[in-house]
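Starting from the known structure of chain A, fit chain B onto it as the hints suggest.
From first to last, the protein sequence lines stand for chains A and B.
Reminder that position 101 of the first sequence reads as 101 in my numbering, one-by-one numbering, no gaps.
Reminder that position 226 of the second sequence reads as 226 in my numbering, one-by-one numbering, no gaps.
Just so you know, not all the hints are guaranteed correct.
Claimed, not checked - Here are a few chain B residues that sit away from chain A, every Cβ distance over 10 Å (derived from the structure):
1. Asn70
2. Ala80
3. Ala115
4. Pro122
5. Ala212
6. Leu248
7. Tyr281
8. Leu296
Said to hold, decoys possible - Label-pair ranges, simulated between beta-carbon atoms:
9. A:Pro88 to B:Leu96: 25 to 35 Å
10. A:Ser439 to B:Phe132: 33 to 43 Å
11. B:Ile166 to A:Gly241: 33 to 43 Å
12. A:Asn151 to B:Val100: 46 to 56 Å
13. B:Asp159 to A:Asn151: 49 to 59 Å
Unchecked claim - Derived list of chain A stretches under chain B, where covered just means 3 residues or more per stretch with a C-beta under 8 Å from a C-beta of chain B:
14. 84 to 92
15. 119 to 129
16. 347 to 358
17. 393 to 405
18. 411 to 423
I should point out that these hints are in silico values taken from the structure, not numbers from a laboratory.
Note that the Cβ used here is the ideal one computed from N, Cα and C, for glycine as well.
Chain residues, written in single-letter form:
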Amino acid sequence: MKQFDFFEARQLSRRRLLSGTAALGSVLAAATLSGCGGNASAAAPRDIQFWHLLSGGDGIKMQAMIDAANKANPDFKVHPTVLAWGPPYYTKLAMASAGGRPPEMAIMHASRVPGYAPGGLIDPWDLSLLAEHGVTAADFAPRIWQKSQQNGKVFSIALDSHPFIMFYNTDVARKAGVVAGNGQLQEVKSPQEFMAMAKEMQKVTQAHGLSFGYLGSGSQMWRLFYTLYKQHGADMELTPGQPMKVDRDAAVESLEFMASLFDDTIAAKSGDISTGIAEFARGSSGMLFSGVWELPTMKKAGLPVDAATIPTLYGTPAAYADSHSFVLPRQLNVDEAKRRDVYKFVSDILKGSLSWAEAGHIPAYQPVVQSQAYKALIPQAHYSNAADVIAYDPEAWFSGSGSDWQTYFADNVQNVLLGRDKAADGWAAFEKRTNTLLSRPNPV
Amino acid sequence: MSSSLTARRSSGSQSSSPATRRRPGSLTRSNISGWGFATPFLVFFLVFLVWPVLYGVYMSLTGKSLTGANDSMIGFANYAEAFADADMWRSLGNTLYFTVISTVPLVLVALAMAALLNVGLPAQWLWRLSYFAPYLLASTVVSLFFTWMYNPQLGLINDSLSKIGIPKVAWLNDPNVAMWAIVIATLWWTVGFNFLLYLAAMQNIPHQHYEAASLDGAGAWRQLFSITLPQLGPTTVMIVLLQVLASLKIFDQVYQMTAGGPGGSTRPVVQYIFETGFTGYRLGYSAAISYIFFGLIVLVSVMQFVITRRRSV
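Okay, chain A solo, but in the shape it has when bound:
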């Protein structure tokens, strides 16, 4: 009896399976038909796929900007896909482009474009089409515009520059007596002066003068290192097939200065990025070296915060920076109508990038930066001069934000910062690693 039940159940399920398959087939057929209908009718907005890597506060701001652009343009609808920052994002974008079916538009760090453009993973922008929407080369700061080019063609349209800067706690600064007449932090011009100022702040906070977390993050170590290195007026060149061109003394001096900061008085000996940010946000230090994108966090913490570029300690003003830039991933079949929509969308976003400035970034589009509304944004206006002194990563297929190269930097330099290795040894090891990469065949 039991066996019979089982048998009947099986029969039933087989019948159900057949009818299920038939149903599925008809649903598919219907979907295909309606898909055709959708393409034929002009009223439906065109779907634009857009990948980016902006999460947290940046992501919310970007979503609001996308929503605004979608509302203003009934012809198309931009659908964003947010992927995790760093290697996960760039791996997927590269693979999608190599496969020929990437999204219509994506955001890349300008420093990663040299790894993408020569290999044909992205298409150049048509400047005349961009000009139709009122966006021209004159609308960008020279350093940013220069960065957008590869072999004379424009491969990326920058939305912003986001330099590595210094936040400071105005209460702590005032109590430490390190405030200048204009209410901003006094100017320091040498490593010694900076350390003296940090020690004054430490007396106020009783914890640390400066917050800078770096453990386990090559990107973070690189940002401060490259700022200090470029302040020496030194250059760094990476040419495949040749050893790295670098001012070794400047590099070692920068590393030694960084290591000397982590003495548990000026700054904590060890800590990761979030530990550093948390320390500054609860008022246990006077200064924080960080990317501009942490501004919303500080405002939310209700901290009396102001900001400036990192003090010029070695003579030449410089600030490590990168740009979030729009790129056109190469598609096998380009839909011209959609591509025109992308130009319209990008120009709309650029013109509305004042709200992007609220997230801390410096808009790349100059009419916004020069507007009264931007100048009224404090502390953004206090570090907008950074756009004139920004330094992007040296160009190579393996460099840039979130690249393996920055991980190699951490591999070799972290022990220097922790006081376990000599700066010269750490740098030599990193240089050797870099030269190995340069000696290998260029895959792009």
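The following block gives chain B in isolation, referenced to the frame of chain A:
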């Protein structure tokens, strides 16, 4: 294990002996339906396993990159480069180091847990469940748990240590400790599987053996060393075999907990393959490294096979 395998093999040959008498290649009804059942698997096997393996060999002989550049044949240049690549050797060394220091506790702790349970604790199901439950978690979940517990400032482990007067340890940030921290997390996560195999084997040991031994005056320890452990021999071989192969594949936990750091001290070879191929674009070169790794796994498997066979003969 080997005894049960041979038993299965002999019984299989008995039942198939009428079929082998038939002319080979004749398409009987049962033969057709047999192939019919096997086809879906065979198609997937060929398309997703055999073909990629062959294509990978071809790729390792080219300069293929993710961007499609340098697609030409370059012979064994990738292999030559890999053998001279210090980072490859280092990551391969990390994988082997992890395999050694994880396999030993994963076998011994599992054995101890199974032995404890087999003594006859009350609420057996509860112990079984709690020992095995971590095994069911996703690697991401385990990594998150342990990343928080290992946190040098806020973590549970350092907090407990400091309460009993032991100085804080930078678990995942100290090159000398990080690999051990990952082994501890892996131990907690996967020991349940080995434990279950051991427990099943222990419960299969006939009770009469113990009864006879106790009549002869053997105590609990003597029984453990003279009955339980020898009887577990085949199971131990199987567990070690499975464990070595699983440990060689280490990637998830490391990638999620330290991303290979600090200073590359935990980067396993699988991560190096991933980095060279997907973030470094050099697919051909990463294919070459993966075949070197494949060779190593084959070597380990053959060695284990030889040892196992000698034992069972």
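Hints, verified against the model:
1. A beta-carbon of chain A comes within 10 Å of the beta-carbon of B:Asn70; the shortest separation is about 6 Å.
2. Every CB of chain A lies more than 10 Å from the CB of B:Ala80, the least distance being 12 Å, so the non-interface label holds.
3. Residue-level check passed: B:Ala115 sits 39 Å from the nearest beta carbon of chain A, beyond 10 Å.
4. Chain A leaves B:Pro122 outside its interface by the beta-carbon criterion, the shortest separation being 36 Å against a cut-off of 10 Å.
5. With a least CB separation of 42 Å from chain A, B:Ala212 remains clear of the 10 Å interface cut-off, as annotated.
6. Residue placement check: B:Leu248 keeps its beta carbon more than 10 Å from all beta carbons of chain A (closest about 23 Å).
7. A cut-off of 10 Å between C-beta atoms contradicts the statement that B:Tyr281 is not in contact with chain A; the least separation is 4 Å.
8. B:Leu296, annotated as away from the interface, keeps every beta carbon of chain A farther than 10 Å; the closest lies near 23 Å.
9. At about 27 Å, the beta-carbon gap between A:Pro88 and B:Leu96 stays in the expected band of 25 to 35 Å.
10. For the pair A:Ser439 and B:Phe132, the beta carbons lie near 50 Å from each other, so the given range of 33 to 43 Å is not met.
11. For B:Ile166 paired with A:Gly241, a C-beta distance near 52 Å fails the hint of 33 to 43 Å.
12. Judged by the Cβ atoms, the range 46 to 56 Å given for A:Asn151 and B:Val100 holds: they are separated by roughly 50 Å.
13. Under the hint 49 to 59 Å, the C-beta atoms of B:Asp159 and A:Asn151, about 56 Å apart, fit the expected range.
14. Proximity of the segment 84 to 92 of chain A to chain B, defined as three or more residues with a beta carbon under 8 Å from a beta carbon of that chain, is established by the 3 residues found.
15. Check on the segment 119 to 129 of chain A: 3 of its residues sit with their Cβ under 8 Å from a Cβ of chain B, so the three-residue criterion for coverage holds.
16. Only residues whose beta carbon comes within less than 8 Å of a beta carbon in chain B count, and the segment 347 to 358 of chain A has 0; fewer than three means the coverage is violated.
17. With 4 residues having a beta carbon nearer than 8 Å to a beta carbon of chain B, the segment 393 to 405 of chain A meets the requirement of three or more and the stated coverage holds.
18. Three residues within the 8 Å Cβ limit are the bar, and the segment 411 to 423 of chain A against chain B gives 4, so the coverage statement holds.
Violation of the numbered hints given earlier is confined to hints 1, 7, 10, 11 and 16; the remaining hints are satisfied by the structure.
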